[in-house]
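Asker: Sequence:
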Amino acid sequence: MDLKLAAIDLDGTLLKEDCTISERNRKAICRAMELGYLVVPSTGRGYRNSRFVLEEFPAMPYYINANGTTVTRGEPEEVLLSKTISLDTGREIYRIAREYPAFIELYHGLDAFDSREGCEKLYKSGVMEAYCRQLLKTNIHLDSLDDFVLKEEHLISKFHIVCVSKKDKEELMERLGALAGVFPISTASHNIEIADTHWSKKDGLAWLCGRLKIDASQVLAIGDSENDYEQIRWAGVGVAVKNAYPRVIGAADALVASNEEDGVAQALEQFLNL
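Each residue of the sequence shown is one higher than the last, beginning at 1 in the numbering used here.
Label-pair ranges, simulated between beta-carbon atoms: (1) E23 - R175: 42 to 52 Å; (2) H154 - D2: 33 to 43 Å; (3) Q270 - D215: 13 to 23 Å.
Listed below are the simulated DSS-like cross-link pairs for lysine-lysine, each with C-alpha atoms no more than 27 Å apart in a straight line: (4) K166 - K121; (5) K137 - K166; (6) K121 - K137; (7) K137 - K124; (8) K4 - K242; (9) K166 - K124; (10) K83 - K4; (11) K137 - K27; (12) K167 - K124; (13) K166 - K16; (14) K4 - K213; (15) K121 - K167; (16) K4 - K16; (17) K16 - K242; (18) K166 - K242; (19) K27 - K4; (20) K83 - K213; (21) K83 - K137; (22) K124 - K16; (23) K27 - K242; (24) K27 - K16; (25) K121 - K151.
Because the hints were derived from the structure by calculation, they are not lab data. Backbone N, C-alpha and C fix where the C-beta goes; we use that ideal spot for every residue, glycine too.
Produce the entire structure from the sequences given, and follow the hints as far as they go.
Answerer: Shown next as structure tokens:
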């Protein structure tokens with residue numbers, strides 16, 4: 001099996017529930033990089049936050065962020081691909097979302113933006129505090145997102161919305177899904193993620209592989225959640241961790257231990273012969 005690239009999801013896959021990386025997972029990734037494999041984080045998080053989460057590793061050559069809508073070179077930092085939501089659609093999504101008590105996070109270029117009031121809502125949503133602290137560490141906190149979205153012409157690659165109540169989340173999902181060309185997904189109990197149309201991590205990964213002349217058959221993809229489904233189906237070897245969504249497990253070629261039990265290391269050791 002001539003694998004060349006390992007695309008690894010962060011939340012629920014590489015990261016444990018407390019948002020840390022185990023020593024076994026860290027060693028397996030470093031060993032894979034030493035052997036010449038291309039290790040690419042493929043995550044719903046923004047670029048700056050990915051770099052922060054992975055700060056104990058050497059800079060990785062490429063990062064796939066915001067559900068595949070942004071592909072960035074690590075050194076030197078350079079956005080190679082930016083797939084954005086149209087200005088009018090982005091404004092309509094925002095107008096509807098701000099009717100609810102929710103954390104709204106906007107991905108634009110290398111950065112993620114939120115509002116100070118929204119940050120308070122994130123903590124009230126029941127999301128683990130360790131995740132909140134880590135996610136907000138690298139964000140740009142504005143007093144309000146209104147001008148950023150409604151007055152200034154910032155094109156957004158992804159909306160990440162976390163509702164305070166699950167009932168609000170379900171209602172908001174339905175309203176946003178009724179908009180033309182908007183296909184919201186959920187990767188956690190209270191969250192909603194929106195990229196341009198059906199764009200996913202698979203599209204960002206396929207774009208990068210095309211640029212690098214790497215075939216899908218040479219890709220190992222590891223993940224757990226709804227936003228990993230397409231890339232796991234597309235990759236030559238798709239691996240789900242034990243805690244993955246049933247749909248993701250069904251799409252995978254192999255199942256490894258959970259994110260709490262070094263599933264990423266198990267996959268790398270097995271398929272990259274570490």
